[in-house]
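K.L.:
Here the protein sequences line up with chains A and B, keeping their order.
First residue of the first sequence: -9, per my numbering; consecutive thereafter.
First residue of the second sequence: -9, per my numbering; consecutive thereafter.
Please note that the accuracy of each hint is not assured.
Identical copies carry no separate label here, and so any pair may be met within one copy or between two of them.
[Unchecked claim] Okay, derived cross-link-like pairs now, DSSO-like style, lysine-lysine, Cα gap no bigger than 27 angstroms in a straight line: (1) K289 to K332; (2) K261 to K289; (3) K289 to K513; (4) K261 to K332; (5) K513 to K261; (6) K261 to K121.
It should be emphasised that the hints constitute simulated quantities derived from the structure, not laboratory data.
Protein chains: 2
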Amino acid sequence: MVQGANALPRNAANYAALTPLSFIARSAAVWPQAPAIVDGHVHQSWGDTYARCRRVASALVRLGVGRGDTVAVMLPNTRAMVELHFAVPMAGAILNTLNTRLDGEALGFMLQHGGARVLVTDTEYAPVIEKALAALPAAQRPRVIDVVDATVSSGKRLSELEYEDVVASGDPAFAWEPPADEWDAIALNYTSGTTGNPKGVVYHHRGAYLNAVSNIVDWSMPRHAVYLWTLPMFHCNGWCFPWTVAALAGVNVCLRKVDGAAIFDAIRTHKVTHYCGAPIVHTTLLNMPDSARAGITHKVSGLVAAAAPPAAMIEGMERLGFDITHVYGLTETYGPASVCAKQPGWDALDIAARTERNGRQGVAYTMQEGLSVRDAQTLAPVPADGTTIGEIMFRGNITMKGYLDNPAATAEAFAGGWFHTGDLAVLQPDGYVKIRDRSKDVIISGGENISSLEVEEVLYRHPDVLAAAVVAQPDARWGESPRAYVELKPGSTLTVDALRTHCRAHLAGFKMPKAFEFCELPKTSTGKIQKFVLRERARSTAAIE
Amino acid sequence: MVQGANALPRNAANYAALTPLSFIARSAAVWPQAPAIVDGHVHQSWGDTYARCRRVASALVRLGVGRGDTVAVMLPNTRAMVELHFAVPMAGAILNTLNTRLDGEALGFMLQHGGARVLVTDTEYAPVIEKALAALPAAQRPRVIDVVDATVSSGKRLSELEYEDVVASGDPAFAWEPPADEWDAIALNYTSGTTGNPKGVVYHHRGAYLNAVSNIVDWSMPRHAVYLWTLPMFHCNGWCFPWTVAALAGVNVCLRKVDGAAIFDAIRTHKVTHYCGAPIVHTTLLNMPDSARAGITHKVSGLVAAAAPPAAMIEGMERLGFDITHVYGLTETYGPASVCAKQPGWDALDIAARTERNGRQGVAYTMQEGLSVRDAQTLAPVPADGTTIGEIMFRGNITMKGYLDNPAATAEAFAGGWFHTGDLAVLQPDGYVKIRDRSKDVIISGGENISSLEVEEVLYRHPDVLAAAVVAQPDARWGESPRAYVELKPGSTLTVDALRTHCRAHLAGFKMPKAFEFCELPKTSTGKIQKFVLRERARSTAAIE
């Protein structure tokens, strides 16, 4: 009997490699006229989008792109970017989306390390791409295809090949082949490590397919959802949403830049139902005048990924009438692989409790096998006591293949059969993961681990605090001690003493910052606080003090 | 580079076998208090349901059930039936759900052929199960576990082992193991062939997982959907909905019998949002008095599987305010693997056009790779002209492993890399499949294929026709010719001549029935017209005439 039922083998009728490419083929067949992409004045159906993707795929093959080759793209959230998420794997190749905020040196490293055969680049980025290409040996320079957007002025051409000419030259009936194995690579995404060279995270068709579907299940997304591109597609392939939207025959509403007025306009005009973004996206919306959102009456759902979304953001988005869900993940997990799944009853809690509940990293995605907080060495799971700190670990199908050509880093990341995130967390009694810190952000004081995030949360609770960051400063007696950098709201007259009193009411003694400094905090172009700058500053300050 | 990205191997951190068992584990962890099962007076949470499933799994192992063994169940849509969809595969075993309408001989064959080690049976079925067991050699008789429902009187016990004692004796923390391979069998479902022995259709964990998720995507099912069990779970494992509901942390509202008043009561009391069923389920609802559905104001969505749902049913369900979607599939495709996906604009059509559009077999499920209409011999796809008849074929992950211990039937079913359904259809110009007939129901007259369904649809369009069936009768000149059996509505005075005139207005000459007979049609206990009875009758009638 065991033999009987389990001896039946795979064949072409009962097995197909999982690939998100099947989603666009189906949506184009079933809803050829339904809108797929809105990009400025361009309105494009699923039938036309599929035909254009096949054209580009055939043209790439003609340009010499073969199975397993890399095609890099340097693009904002435009029609070409959506299309290349299908066209490149249809050509059997691997899509390497480049972070458009990087400098020429970093981009040059990625083009070389990833071995890009072709680079598709928006002329907006011509200056930095020129530098990146100049740094490469001539033999390793990829063939360049320019994407020219007439609405953008900084349009220096780097190549005689233009994307629309490539589209026009291609075969709309190109007979692309699915991957030979669902384990074959579909994408390559470089992490932006603060030290050392970036690591190339490789995704496979199986994982991209399953994460795209899990987005639907975990966010209860309906057929024909209208999705606004406030999250960069170069970021973990837009958390796999290009493939999610194709599975739903939804609409990709493109957005070249995160701009409050443009976002509200798009939501109003195209009846956007879903969007994702970093906290800066949501803060941008909150800071817009009420008039900007006039006329938006339908339900809008947003995903936010942040260590701990501040209460003001959660409350503000609720006031806007937006339904926000908190997610967590890394480049290595295709973007979000955990979600702060809402519980019945949370809506009735006060704002402080609601913020605490909704601000957790939560539980594994439905289609991710495991999420766990474990001792980094022994791999023993921490008790669900809300206080014991361990490392967040994932396992399952929504985890990368590994790092490209970096067996040491791959082995380290997967040690013991779990993917080690490097993030520290506790497990709440209800089983929800609550992040405490990045390993490198933990402050070790007298042998005790202090979560800088926990101290920051206390600081954020003071109504005068606009932003806060806590880092380790060298301490002769304790090894390290916490130092708080605080940006006050305009017009605040808060004193250090008053803030210290506030902290003392909420923190154990050993967690108290030894020093407070009021200043403007250094931030990245996306609004993320640059802790490494503050850590440097704390080190030199301590040396002087 | 090809080497690089594609050389990264699987490991415990980045690969997990797809299995629907992961859904119950997750829902129990995330929403332990959320309702999972409502069965009469029993209200049971996901936490408790998971614990009970683990108890049963551990008890089965203790009873000697091993990996790849078969556990048969003879159960109505009750709590035990839901639980065994998880408990049996948690024990590593294969779930064989028996059709509760079968006779002892057929059941005996299945128990023997499937090699059941254990049989879990509701005492309601004790008489027929006694017969089935008596027909088996003593050495092949499975260990019997009785499910005793106090609300049912016909409760003869067949065993000293009672299900609730099994539950009580088990380990609620049993460390079940996922399948070693996602290709391992999870279920065994016997087809009810009209000739020869039933065939044992084997499902694997991968297919059960993917179909369960595709139900969510194709029906836009939200988190915590409330699902009413109007479809027998012994039928293709309830189209995989036990696993779908677990993935959504939804509610299984159990139902021992299809009864109009009980269905409306359940919809009203438990705020049921989704249900599935054969046409008889929907007809039952339509025939209830208006008062039965008082107080139901929320949206209810239903799936119906039927060759061609009559206009009266589509229109009637719309009048009820229910949203009905037509699906198609076979035991071999885990239940539905195609859906008549709705198009924008259909709602605005008149009822005849709406019925035609919504009554098609449609397009492949999102997670089924291929649906096609092809020449049975050459496998060439038919043109999308709405007239060329071919055989419906499926391929992809929502297709069975094969038939148990029946390599000849398996090879025939999968010939040429497609699963052959035996159903004949045309492809409409918009790519939707429209069924024409079962191969055996086609009438071959003078070398022309006549679809009995097409002739029946014309008969159904006459307002006096309640039911109609068209079968082949032997014809000296043409080989076969169509003969129509028609059941008129009460009080009708329609004549054969008038009906013939009606048909002539809508049918090509060679498709016209040679004879019409007004009578009550023979039906199964589920209301399905027994064409084989009529075919017999037509044969003997022709011999006499």
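K.L.:
Of the hints given before, which are not true for this structure?
P.N.:
3, 5 and 6
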